[in-house]
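Asks: Residue-level listing of the chains:
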Amino acid sequence: MSALLEVKDLSVSFETRGGVVRAVDGLSFSLGAGESLGIVGESGSGKTVSSLSILRLFGLFDDVSVSGKILFEGRDLLRVSEAELSRIRGGKIGMVFQDPLTSLNPVMPVGEQVAESIRFHTGASRPQAHRRAVEMLDRVGIPDANKRCEELPHSFSGGMRQRVMVAIALACEPKLLIADEPTTALDVTVQAQVLLLLDELRREMGIALIMITHDFGVVAATADRVLVMYAAQPMEHCSIHHLFQRANHPYTEGLLRLVPRFEHQVHGRLHPIEGQPPALTEEIVGCPFAPRCSFTLDRCKQERPPLFRIGPDHESACWLAAERAERETLPDKPWKAV
Amino acid sequence: MSSTDNKESVLPARRRARAGEGIGVLLLRRLRDGIITLLLVVAVIFVLAHVVGDPALVFSPVDASDEEVERIARAFGLDRPFWERFGSYFADIFTGDFGESWWQNRPALAAVAEALPNTIYLTLAGIAGAALTGIVGGVFAGSRPGSLFDRGSNFFSISALSVPNFWLGLLFIVIFSVQLGWFPTSGMFGVSSIVLPALTIAVVHGGRVFQLVRSATVEEMSKPYVRVARSKGFPHRMVLWRHVLRNTGLTTATIAGWEYVRLWGGAVFAIEWVFAWPGIGTLTINAAERQDFFVLQAAVIIAGVFVIVSNLVVDLLYRVIDNRIKSS
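So the protein sequences, as listed, match chains A and B. My numbering puts the first residue of the first sequence at 35, with every later residue one more than the last. My numbering puts the first residue of the second sequence at 4, with every later residue one more than the last.
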């Protein structure tokens with residue numbers, strides 16, 4: 035199967051007053067049609083910027099330089115013309131953003147906000163687009179969609195607004211949906227509803243998904259594969275099963291230990307990873323996680339580890355995995371760093 | 004349902020309550036405020052003229068003796084107690100009696116009424132030019148901050164609003180009337196006369212409108228919904244027209260309205276004087292030079308009325324546009 039989306043060695047940096055910020059540094063991954071990938075990381079790890087660069091949706095005031103390739107259906111999105119990009123945005127790739135409260139235009143009825151996208155991409159007439167918008171709103175679970183589509187966003191709750199956002203993103207039946215922390219701003223119960231809805235719809239419509247999040251729960255619920263990012267770099271890339279059962283990278287392990295679990299420790303304590311992520315304005319030599327890692331080798335401080343292939347569906351950017359990469363032909367067995 | 008819901012519903016609920024009161028109630032409330040303001044304006048003018056200054060001295064010749072001044076004060080009833088004078092002053096003004104102009108030998112109000120349409124004509128032409136250049140320029144500059152057009156027009160507008168309006172008017176006269184001979188230097192003869200004074204207003208006030216509209220647009224462009232509109236594939240122009248302008252339209256209309264009020268607040272007077280435009284400003288300055296107390300007083304009060312009325316209209320327009328946006 036040829037990949038729907040192939041990101042090759044993507045690097046993004048911003049020119050700011052504080053210096054050049056490397057927001058994404060050497061990111062590669064691919065995504066087949068209908069597949070779903072979770073990108074996990076702390077804030078500032080580059081996950082949102084990676085997703086924005088797919089559609090070149092940087093801020094209008096940002097001074098950005100991007101290198102690498104983002105191949106979507108064989109075309110490099112970093113190099114396609116504005117007109118081409120305009121057809122892809124919202125047409126073939128839909129996007130759901132973090133904050134549903136500010137993501138809708140406050141003075142435009144929600145139905146119109148769905149319909150305008152349909153009209154733009156399909157050339158449907160105003161009434162046709164309106165009908166489809168109402169259908170879409172109904173499908174994402176807006177009660178009484180026929181009437182409520184005339185209302186302005188402020189009369190909808192956060193969860194309902196995020197449903198409207200999902201309707202907008204999926205209105206033109208895209209091939210790929212990018213969801214950038216779609217549930218972070220929502221209450222837990224509402225989070226679950228929105229995630230379920232996203233997952234259901236994308237499976238029904240056969241849409242590939244990139245789910246950006248800092249929440250392993252969200253990843254577990256929606257993704258087939260996971261990419262863990264730290265300090266703008268990919269750390270580990272594996273299937274969802276590998277992630278929870280045999281995470282390889284010390285950073286991933288550290289993150290997983292932070293997920294509170296009832297069954298293990300009722301009175302237990304969380305073990306935060308010591309130290310702080312490095313500033314992205316400074317040049318990082320070696321592994322960015324080395325200063326906080328408990329397994330640091332001399333090599334880690336001098337040389338940046340590449341993503342080693344350590345299993346059929348498992349890559350890890352850790353020098354400790356180098357040896358394992360050589361033994362990759364051996365049968366899989368639980369493997370621990372040290 | 005959720006905490007965000009509760010936080011969300013508090014503000015709009017209050018806004019809805021106010022929105023529900025209807026345009027009529029708003030009109031009445033603003034009218035009441037306007038009348039109170041007008042009363043205060045009239046009272047302040049009286050205090051300035053009769054308490055801080057002494058009208059009897061103003062009415063007398065420069066070399067008049069003390070007895071003569073006293074005689075004049077008696078003739079005008081200025082020897083009466085303060086409250087009595089205050090009362091008759093109010094009664095006169097609200098029955099439309101603003102006194103007689105000595106200089107023009109006719110009621111002061113008639114002199115003002117003759118100048119008034121000319122000032123309305125000039126301010127409307129000027130504000131139309133200012134709004135057009137300021138809004139169009141501000142939107143384009145603000146939608147692409149840092150672009151060549153943005154930096155160029157920003158520089159131009161800062162220069163325009165930093166220059167005194169009368170000086171700019173004189174500059175235009177030197178360039179376009181004296182050097183090029185395209186327009187008359189002064190007065191009001193046909194359409195060509197209004198070009199230079201209106202242009203002066205358009206440049207100075209357009210500069211300010213530009214600044215405010217630009218910053219409103221820049222702020223709006225960085226809101227998340229703009230990124231969402233871009234994620235739908237809309238080209239820049241469409242994002243601007245369909246989404247951003249719908250949100251800044253209200254602010255923009257208000258900014259233009261305020262500038263119009265500023266004109267009536269005195270900005271147009273200097274321009275009229277420079278171009279010898281026969282409006283209220285020129286009349287006021289002439290009256291002051293000739294010590295024509297009653298014309299001066301009438302002109303200031305009428306200008307005050309226009310400031311109040313313009314404010315009222317801006318307020319009501321804001322509401323009408325707001326309602327139309329909300330219900331469309």
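Simulated from the structure, these hints should not be mistaken for lab results. Hints should not be assumed to be uniformly reliable.
Some chain B residues near chain A, calculated using beta-carbon distances under 8 angstroms [as the list claims (entries may be wrong)]: (1) Lys235; (2) Arg245; (3) Arg249; (4) Asn250; (5) Ala270.
Keep in mind that this is a model prediction, so the values were computed, not measured. Beta carbons: idealized from backbone N, C-alpha and C, even for Gly.
Asks: So, for every hint listed, does it hold in this structure?
Replies: Status of the hints after comparison with the structure:
Hint status for Lys235 of chain B relative to chain A: holds, with the closest Cβ pair at about 4 angstroms, below 8 angstroms. Of the supplied interface hints, the one on Arg245 of chain B holds, with its beta-carbon coming within about 7 angstroms of a beta-carbon of chain A, less than 8 angstroms. A least Cβ separation of about 5 angstroms between Arg249 of chain B and chain A falls short of the 8 angstroms threshold, and the interface hint therefore holds. Look at Asn250 of chain B: its Cβ gets to within about 6 angstroms of chain A, closer than 8 angstroms, so that hint holds up.
Given the 8 angstroms rule on beta carbons, the hint for Ala270 of chain B is violated: about 32 angstroms separates it from the nearest Cβ of chain A.
Going down the numbered hints, you'll see the structure goes against just number 5.
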